[in-house]
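There are 2 protein chains.
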Amino acid sequence: MAAEMVTGHHERALELLKADAQKILKLIEVQMGNLTMPQCPLYEEVLDTQMFGLSREIDFAVRLQLIDAEAGKELLGTLEKQLSALHEASMRK
Amino acid sequence: MAAEMVTGHHERALELLKADAQKILKLIEVQMGNLTMPQCPLYEEVLDTQMFGLSREIDFAVRLQLIDAEAGKELLGTLEKQLSALHEASMRK
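Protein chains in written order, with this note's numbering: chain X, 8 to 100; chain L, 8 to 100.
Warning: the hint list may mix true and false statements.
Put simply, identical chains are the same to the list, so a pair is met inside one copy or across any two.
List time: in silico DMTMM-like cross-link candidates among lysine to aspartate or glutamate, alpha-carbon distance up to 20 Å [unchecked claim]:
(1) 100 - 66
(2) 33 - 18
(3) 30 - 66
(4) 100 - 22
(5) 33 - 77
(6) 88 - 18
(7) 25 - 55
(8) 100 - 77
(9) 25 - 66
(10) 25 - 95
(11) 30 - 18
(12) 88 - 27
Hints in this document: simulated from the structure, not taken from any laboratory.
As the structure is a prediction and not an experimental result, all values here were calculated from the model.
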């Protein structure tokens, strides 16, 4: 049973991180879809806080050797690209 | 080997969280020891950010069933008491 639990933890950790990343992506998409609306000034603060929270979870998972650093970097990198796309879109508006 | 790895992860998770909590405690103690000095205005912001980061790590560990929620609450609760003691001390200054 224990061997499954070990890989279970690894898979579960990555699953949780991907789910948390997905929540942030949703926030970004909602904002992208509402660019014509008056921007909620706190929106960037909310996204930054969520990104900081996710980066701490990823760092923790890497330190626990539940995921490798590359996987963590990739997860954050994808979100950061979306964030800067959102930022540029809101500048062009 | 796998059974040790499972308990290893549980113990390691709690160890990492305690070490991170210890870092925040150090920050609080440094500030407590320097109350007579002009307060760095960002100090509370730094502590809040660190507490938020730790709470996300704890939440992640609980969701992964690496620690139980009680242990996480206890860890945060201890720090929160220290934080309010610091806050009161700096008010009385």
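These are the hints, each one checked on the structure:
1. Taking CA atoms no more than 20 Å apart as the test, residue 100 paired with residue 66 passes in neither setting, with 35 Å inside one copy and 37 Å between copies.
2. Taking CA atoms no more than 20 Å apart as the test, residue 33 paired with residue 18 passes in neither setting, with 22 Å inside one copy and 34 Å between copies.
3. Taking the shortest alpha-carbon separations for residue 30 and residue 66, both the intra-copy value of 18 Å and the inter-copy value of 16 Å come in at or below 20 Å.
4. For the homomeric pair residue 100 and residue 22, neither the shortest alpha-carbon distance inside one copy (35 Å) nor that between copies (48 Å) is at most 20 Å.
5. With identical chains, the CA atoms of residue 33 and residue 77 are never at most 20 Å apart, being 23 Å at best within one copy and 31 Å at best between copies.
6. Taking CA atoms no more than 20 Å apart as the test, residue 88 paired with residue 18 passes in neither setting, with 25 Å inside one copy and 36 Å between copies.
7. In this assembly of identical chains, residue 25 and residue 55 lie within 20 Å of each other by CA distance solely inside one copy; the values are 17 Å within and 25 Å between copies.
8. Proximity of residue 100 and residue 77 under a CA criterion of 20 Å is satisfied in neither setting, with 35 Å inside one chain copy and 47 Å between copies.
9. For the identical chains of this complex, residue 25 and residue 66 are neighbours both inside a copy (14 Å) and across copies (15 Å), given an alpha-carbon limit of 20 Å.
10. Proximity of residue 25 and residue 95 under a CA criterion of 20 Å is satisfied in neither setting, with 25 Å inside one chain copy and 40 Å between copies.
11. When the C-alpha separation of residue 30 and residue 18 is checked against a cutoff of 20 Å, the pair qualifies only within one copy, where the shortest distance is 19 Å, while the shortest distance between copies is 29 Å.
12. For the homomeric pair residue 88 and residue 27, the shortest alpha-carbon distance inside one copy (16 Å) is at most 20 Å, but the shortest distance between copies (29 Å) is not.
Hints 1, 2, 4, 5, 6, 8, 10 from the list above are not met by this structure, while the remaining hints are.
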